[in-house]
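Undergrad: What follows is each chain in one-letter form.
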Amino acid sequence: MLRAFTAIPYAWLVVLFLVPFAIVAKISLSDYAISIPPYTPTLDLAAGWEGVRAFFSELDFENFVFLTEDELYWKAYLSSLQIAILSTFLTLCVGFPIAYGMARAPEEWRPALMMLVILPFWTSFLIRVYAWIGILANEGFLNQFLMWIGVISEPLQMLNTNTAVYIGIVYTYLPFMILPVYASLERMDPSLLEAAEDLGCSRMSAFWHVTWPLARPGVIAGCFLVFIPAVGEFVIPSLLGGSGTLMIGKVLWEEFFNNRDWPVASAVAIILLLILIVPIVLFQRHEAKEREAGR
Amino acid sequence: MVDDKAFHPWDDPTATPLIRIEHISKRFGDFTAIDDISLGIYPKEFFALLGPSGCGKTTLMRMLAGFETPSEGRITIDGADMAGVPPNKRAVNMMFQSYALFPHLSVWDNIAFGLKRDRLDKDRVAARVDEMLKLTQLGKLARRKPHQLSGGQRQRVALARAMAKAPKLLLLDEPLGALDKKLRQETQFELMDIQEKTGTTFVIVTHDQEEAMTVASRVAVMNHGELIQVDTPGRIYEAPSSIYVADFIGDVNLIEGRVGAVGELAELNWAEGRSLKGQAGPSLEPGQAATLAIRPEKIAISREEPEAGNRVKGRIVDIGYLGNLSTYHVKLDEGPMIKCEVGNRSRLARRDFTWEDEVWLSWTDTAGLVLSS
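Going down the list, the sequences are from chains S and X. This note's numbering numbers the first residue of the first sequence as 8 and each following residue consecutively. This note's numbering numbers the first residue of the second sequence as 48 and each following residue consecutively.
By construction, these hints were calculated from the structure, which means they are not laboratory data. Keep in mind the model is a prediction, meaning the values are calculated, not measured. Treat each hint with caution, since some may be false.
Mimicking DSSO-like on lysine-lysine, the simulated pairs with C-alpha atoms at most 27 Å apart in a straight line are [what the hints assert, rightly or not]:
| no. | chain 1 | residue 1 | chain 2 | residue 2 |
| --- | --- | --- | --- | --- |
| 1 | S | 296 | X | 192 |
| 2 | S | 296 | S | 33 |
| 3 | X | 187 | X | 228 |
| 4 | X | 187 | X | 163 |
| 5 | X | 229 | X | 215 |
| 6 | X | 187 | S | 296 |
Reference excerpt, derived from the structure (chain S facing chain X, CB under 8 Å, subset only) [unchecked claim]:
| no. | residue |
| --- | --- |
| 7 | 196 |
| 8 | 205 |
| 9 | 207 |
| 10 | 220 |
| 11 | 221 |
A few chain X positions that, by computed beta-carbon distances, are all more than 12 Å from chain S [claimed, not checked]:
| no. | residue |
| --- | --- |
| 12 | 64 |
| 13 | 86 |
| 14 | 168 |
Just so it is clear, CB atoms sit at the ideal spot from N, CA and C, and this is done for glycine as well.
Generate coordinates for the entire structure from the input sequences, incorporating the hints supplied.
TA: Okay, structure coming up:
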């Protein structure tokens, strides 16, 4: 009985992760065709063993070769990585002080502050990104405000730029940075800072020698939680970014729905997955090490 | 423990205290945590601040460390005024109640932490850390992280870390509170040993009167932000200046009455036509309400009426057998309940008294103390 229950997570992973992955991998090795579904070959089990052999003989890597030939793809990968790295860094810069402030706040305030961080999740992600269009557009709130206080006389072009994409990513993923950092800071015994001061640290050096190393596990977890989805982000660049914003998620979407070239789109997805596996493995090794350290 | 005969700078008018606390008060809003305390602590002293929780002892210690600033008054350490001097600029180190060991650093690095902040060169840091490891017998654990240590080992790391910078003054905030009783007693003697070896002035905060009595050269009993009595453990126990101190330190029987004749000894009229005698406490006036304080171990118990100066008659209500001694709760004919402790020198089977026995309790004229109520 218990065994049946412990099998559920494995079944879940197989059905909802491994099988879809195998399907996508298979499509990435297929050829484009004007048909339904839009690729060949398809497995013909009626033909028996011969059918299976014919099916496998038609699979090849030419879509992957194609990806290396057109510079659009590797530029999109690089640009995605760059945007993800920079926005992860920005999220850390914004999120760390917030988490620090929350952890130092009076204990009775903390649940309310935590609520404020989580609250945006109660609204649809899509609506929140759309709301930013209203803020950043040429006639948007931000431009109107800046013109009203007289900082600028002409509206600034903010929407449809990379800046808007950074703002969108930082805004959307901020809770994923704040929560793990807060968790590690909140666990810290405040008398550690007093001990550091007592032993000759200034406030500043106490932060670098005690607070920062103790917050590091939370910072690393937060960075991975922001970086990994940001690399493959599609909604934010397509709504807030412009024609110059090159991100692999957008390219992937266009391959699937504009070009209807499923095999190339699948190859793009497979490569993206391989790129992301590196940080995911690093993240998991880090987590395992943390657990081993017993903290 | 410091030998009373050899070490009593507080009785020497030419000795200068290391720490002078002059008319210190500390208020948090409406609450007065420390109320006009003045105190001198001498070099090489092992000084205990003793009191119930919330009595201000921790606040006083935190002011010495620099974590709190006094609302009024002045603290000088070795002649230097400490006003405005932050904790990291004071030659004072503290051992925290929670130990506050840095969880991301090994034992070695924890001890080296303060030394590295002084930018000492590597060899000197290493030499000093090794010295501390030896002093606290932690040599084999130098590479461990704090979470791999037992409570007693952590306590020693905290002590080594606080001692590493060779402070003029070491503050210990309930240093043994987290240890079990047996380990606590062992550690008390270790602490005294280390204090004696290094000659550092120690100030310990504790709510455990036994601990304060064991380790300290002098004990300051505090309550509600005030110093009630500052004296050697012996005098705190034998000559408490108030009922509060007598009651707080150890077990005591309190018998209420009115003061009769006062001299070297004072007479206490406590029941119709009956009086008891004890040493006179400070400022006693004939006729005022007063209390006789008598320690349970100073009372003798017997079946026949004894010769002693003070004697009362009662009935045994309860017997507590503690192994090394027995406690008898005796209800006096006049009403009060008196506790009396007798060492069990003979075997259990030969014990003389049992429940409901009529007995006499007695003590000498100098055994008790008459204190104004």
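Undergrad: The structure should be examined with respect to each hint, and the outcome stated for every one.
TA: Hint check results:
1. 296(S) - 192(X): Answer holds: residue 296(S) to residue 192(X) is near 14 Å, not above 27 Å.
2. 296(S) - 33(S): 35 Å, violated
3. 187(X) - 228(X): Since the Cα atoms of residue 187(X) and residue 228(X) sit roughly 25 Å apart, the hinted pair holds (cutoff 27 Å).
4. 187(X) - 163(X): 22 Å, holds
5. 229(X) - 215(X): 30 Å, violated
6. 187(X) - 296(S): Since the Cα atoms of residue 187(X) and residue 296(S) sit roughly 24 Å apart, the hinted pair holds (cutoff 27 Å).
7. 196: At 6 Å from the nearest chain X Cβ, residue 196(S) passes the 8 Å test, so the hint holds.
8. 205: With a closest approach of 5 Å, the residue 205(S) hint holds.
9. 207: With Cβ-Cβ at 4 Å, under 8 Å, it holds.
10. 220: Interface hint status for residue 220(S): holds (5 Å vs cutoff 8 Å).
11. 221: 6 Å, holds
12. 64: The assertion about residue 64(X) holds, with a minimum of 22 Å to chain S.
13. 86: 21 Å, holds
14. 168: The assertion about residue 168(X) holds, with a minimum of 16 Å to chain S.
Consistency note: the structure conflicts with the earlier hints numbered 2 and 5.
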